[in-house]
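Fit chain B to the given chain A structure using the hints.
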Amino acid sequence: MSGIQFENVSKYYQDGAGSKLQILDNVSLSVQPGELVAVIGPSGSGKSTFLSIAGALLQASSGEVTINNKNLNQLSPNQVSKLRLDHIGFILQTSNLVPYLNVLDQLLVVKKMKGKITSADKMFAKELLKEVGLGSKLKKFPEQLSGGERQRTAIARAFVNDPDIILADEPTASLDSKRAFEVVELIAKGVKTRNKAAFMVTHDERMLSYCDRVYRMNEGKLELVEG
Amino acid sequence: MFLATRELKHSKWRFAMIGMILVLISWLVFILSGLGNGLSSLSAATFKNMDAEYVAFEEGARHSMSRSVISENLVQDLKAHEQVEDAAAMGSHVAVVLKEGNEDDSEKIDVSILGIEPGSFLEPSVVEGKPLTQGGDYQVIINDSLKEQGIEVGDTLEIEGVTEILEVIGFVEGESFNHLPSIFISIDEWRSIHFAAPGSDMGVELPVNAIILQGDSIEQDKLESAIEGIEVTTKKEAINGMPGYTAENGTIMMMLGFLLVISAFVIGVFFYVLTLQKTNQFGVMKAIGASNLFLTKAIVSQITLLATISIGIGIILTYGTAAILPAGMPFALDPMLVFSYAIILLFVSVLSSLISVRKITKIDPLQAIGRVE
Chain A
1 MSGIQFENVS
11 KYYQDGAGSK
21 LQILDNVSLS
31 VQPGELVAVI
41 GPSGSGKSTF
51 LSIAGALLQA
61 SSGEVTINNK
71 NLNQLSPNQV
81 SKLRLDHIGF
91 ILQTSNLVPY
101 LNVLDQLLVV
111 KKMKGKITSA
121 DKMFAKELLK
131 EVGLGSKLKK
141 FPEQLSGGER
151 QRTAIARAFV
161 NDPDIILADE
171 PTASLDSKRA
181 FEVVELIAKG
191 VKTRNKAAFM
201 VTHDERMLSY
211 CDRVYRMNEG
221 KLELVEG
Chain B
1 MFLATRELKH
11 SKWRFAMIGM
21 ILVLISWLVF
31 ILSGLGNGLS
41 SLSAATFKNM
51 DAEYVAFEEG
61 ARHSMSRSVI
71 SENLVQDLKA
81 HEQVEDAAAM
91 GSHVAVVLKE
101 GNEDDSEKID
111 VSILGIEPGS
121 FLEPSVVEGK
131 PLTQGGDYQV
141 IINDSLKEQG
151 IEVGDTLEIE
161 GVTEILEVIG
171 FVEGESFNHL
181 PSIFISIDEW
191 RSIHFAAPGS
201 DMGVELPVNA
211 IILQGDSIEQ
221 DKLESAIEGI
231 EVTTKKEAIN
241 GMPGYTAENG
251 TIMMMLGFLL
261 VISAFVIGVF
271 FYVLTLQKTN
281 QFGVMKAIGA
291 SNLFLTKAIV
301 SQITLLATIS
311 IGIGIILTYG
321 TAAILPAGMP
331 FALDPMLVFS
341 YAIILLFVSV
351 LSSLISVRKI
361 TKIDPLQAIG
371 RVE
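As given, the protein sequences belong to chains A and B, one line each in that order. Positions 1 to 227 (the UniProt record's numbering) are the ones given, in order, by the first sequence. Positions 1 to 373 (the UniProt record's numbering) are the ones given, in order, by the second sequence.
Same shape as in the complex, but just chain A:
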């Protein structure tokens, strides 16, 4: 099964007094290629932890996470960073671009992490940037871009290594409504046309119309919101 699967995933921390701090409580979720799934919930509900586990940045305390048929529990730290590079595209809050790279290099650096940059890579990166409407800003640095443009660069960056899943962490956090809609629309479009399994953590309920399914996270439990 491709895409990403969570099976009874729990995450808890043991505090000093021996009591258990439960962040995620038996979460199960499956996202298939071509699907955009949103997880909403108040802050502190465990959304970010959930996303971190999905992105192989954090290990689940129990349960199994499978990305593209690979069980994350069985990977070494090096394999995990390789898995992130090859199979996961991150879109982070406020884009988090590298300040000294121009828009095109923001994408190429991901290619560079894998090895050599080929001219085909360059073509692909330019094509992606054209799709997000940055075709004319390839040589601009992040400080010369608006918030929306930065976030669109980050979207293109998430897709550049042709990952299997796309993870978005509050991608609209610092944007006004108009830009926010554009950004989510771009993510949705990318997910559909390139057939990626994507899930987005957000507290912005205006964006949910673009999503195939919406889950609500509450005190570590995940429940489907009926559309």
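Since the hints were made in silico from the structure, they are not lab data. Where a beta carbon is used, it is the ideal one built from N, C-alpha and C, also for glycine. Wrong hints could be hidden among the right ones.
Anything over 12 Å on all C-beta distances counts as not near chain A; from chain B, calculated [to be verified]:
1. Ile31
2. Gly215
3. Leu293
Partial list, computed: chain B residues near chain A (C-beta under 7 Å) [what the hints assert, rightly or not]:
4. Trp27
5. Gly289
6. Ala290
7. Pro365
Have a look at the derived ranges for each label pair, beta carbon to beta carbon [said to hold, decoys possible]:
8. A:Ser2 to B:Met20: 26 to 34 Å
9. A:Ser76 to B:Ile343: 20 to 28 Å
10. A:Asn69 to B:Asn280: 42 to 50 Å
11. B:Lys12 to A:Ser136: 34 to 42 Å
12. B:Tyr319 to A:Lys130: 47 to 55 Å
13. A:Lys139 to B:Val273: 27 to 35 Å
14. A:Lys139 to B:Met20: 40 to 48 Å
15. B:Gln277 to A:Asp176: 25 to 33 Å
16. A:Gln74 to B:Asn280: 27 to 35 Å
17. B:Gln277 to A:Ser136: 25 to 33 Å
18. B:Thr279 to A:Gln59: 51 to 59 Å
19. A:Gln74 to B:Met255: 51 to 59 Å
20. A:Asn69 to B:Val266: 47 to 55 Å
Then chain B, alone, in the frame of chain A:
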């Protein structure tokens, strides 16, 4: 290199400042090394130039020419030893000379008068005039730095306190001894100058200060036990035994050492602070898949690039400085020495990047999630 060069280009001024510090440090390192080299050749150039491996002194002289008096007869005994390829006697004498015809005391010159066997391997080749001959009657070949004092071939020199008059027949290059320009004379005539006072030869027959030995396979112990009354040292030990040589060299080496340590800290701390500032950025890159190796390569290549450029500029500045330094300054740049200090500086710089590398490997990509910067 991908990240390294782009960041260098983007934050030119920030890196130009640290580069500038590195330029100044390397400049100072090269100048000091030139000065050290110049001083040590001033101190012992004649010794260093000798095509020899070992030196035989009087037993108990503790590697010092001035403390040692042995007989020239030992040259034959030493030559006869199977490990010795060749041997030649040498004597040194510090004197004050005055060009004949000059009356003014301010024109006196301090020199080292070195007695050697004419035609032996100790005689340096002349760059002007004629070499020494046997029985030349106080003919001498002198270091060409004395030309600045207006001395030419054919001039004669008085020696203070001695009646003999020296006749200059040739010039040699880069020869100095005990910080003084060398004057080479036949060993027999040297003897009559050095041991002019009766009894100063302490009863030694045909006294000389030392016998210089050629031979790669000389075993010091065996030679010392085979021939009575000598101690055998390597040429290097003999140079270290020159008055003031170790002290001078030690001072300069200590400064160089401190400079290298300082440069390591300056570069190390600068890049470490830079790395701390970029913690979040590195975290994000790790989250999108950068390995530790990738980020390590970026920072190490950045430091290597910056250090190479800075050291290169330092070398250019050093040669520029050398060109305008007054000729009398004991400053001698040895390209091999400059090259090796450049390599050491580069190595130290790269080594200092390791504290940043250690920091990078500890950055958790998790901090990229759920954070608004």
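Hints versus structure:
{"no.": "1", "hint": "Ile31", "verdict": "holds (35 Å)"}
{"no.": "2", "hint": "Gly215", "verdict": "holds (58 Å)"}
{"no.": "3", "hint": "Leu293", "verdict": "violated (9 Å)"}
{"no.": "4", "hint": "Trp27", "verdict": "violated (29 Å)"}
{"no.": "5", "hint": "Gly289", "verdict": "holds (3 Å)"}
{"no.": "6", "hint": "Ala290", "verdict": "holds (5 Å)"}
{"no.": "7", "hint": "Pro365", "verdict": "holds (5 Å)"}
{"no.": "8", "hint": "A:Ser2 to B:Met20: 26 to 34 Å", "verdict": "violated (54 Å)"}
{"no.": "9", "hint": "A:Ser76 to B:Ile343: 20 to 28 Å", "verdict": "violated (37 Å)"}
{"no.": "10", "hint": "A:Asn69 to B:Asn280: 42 to 50 Å", "verdict": "violated (32 Å)"}
{"no.": "11", "hint": "B:Lys12 to A:Ser136: 34 to 42 Å", "verdict": "violated (26 Å)"}
{"no.": "12", "hint": "B:Tyr319 to A:Lys130: 47 to 55 Å", "verdict": "holds (52 Å)"}
{"no.": "13", "hint": "A:Lys139 to B:Val273: 27 to 35 Å", "verdict": "holds (30 Å)"}
{"no.": "14", "hint": "A:Lys139 to B:Met20: 40 to 48 Å", "verdict": "violated (29 Å)"}
{"no.": "15", "hint": "B:Gln277 to A:Asp176: 25 to 33 Å", "verdict": "holds (30 Å)"}
{"no.": "16", "hint": "A:Gln74 to B:Asn280: 27 to 35 Å", "verdict": "holds (30 Å)"}
{"no.": "17", "hint": "B:Gln277 to A:Ser136: 25 to 33 Å", "verdict": "holds (31 Å)"}
{"no.": "18", "hint": "B:Thr279 to A:Gln59: 51 to 59 Å", "verdict": "violated (22 Å)"}
{"no.": "19", "hint": "A:Gln74 to B:Met255: 51 to 59 Å", "verdict": "holds (57 Å)"}
{"no.": "20", "hint": "A:Asn69 to B:Val266: 47 to 55 Å", "verdict": "holds (51 Å)"}
The structure fails hints 3, 4, 8, 9, 10, 11, 14 and 18 (numbered hints given earlier, in ascending order).
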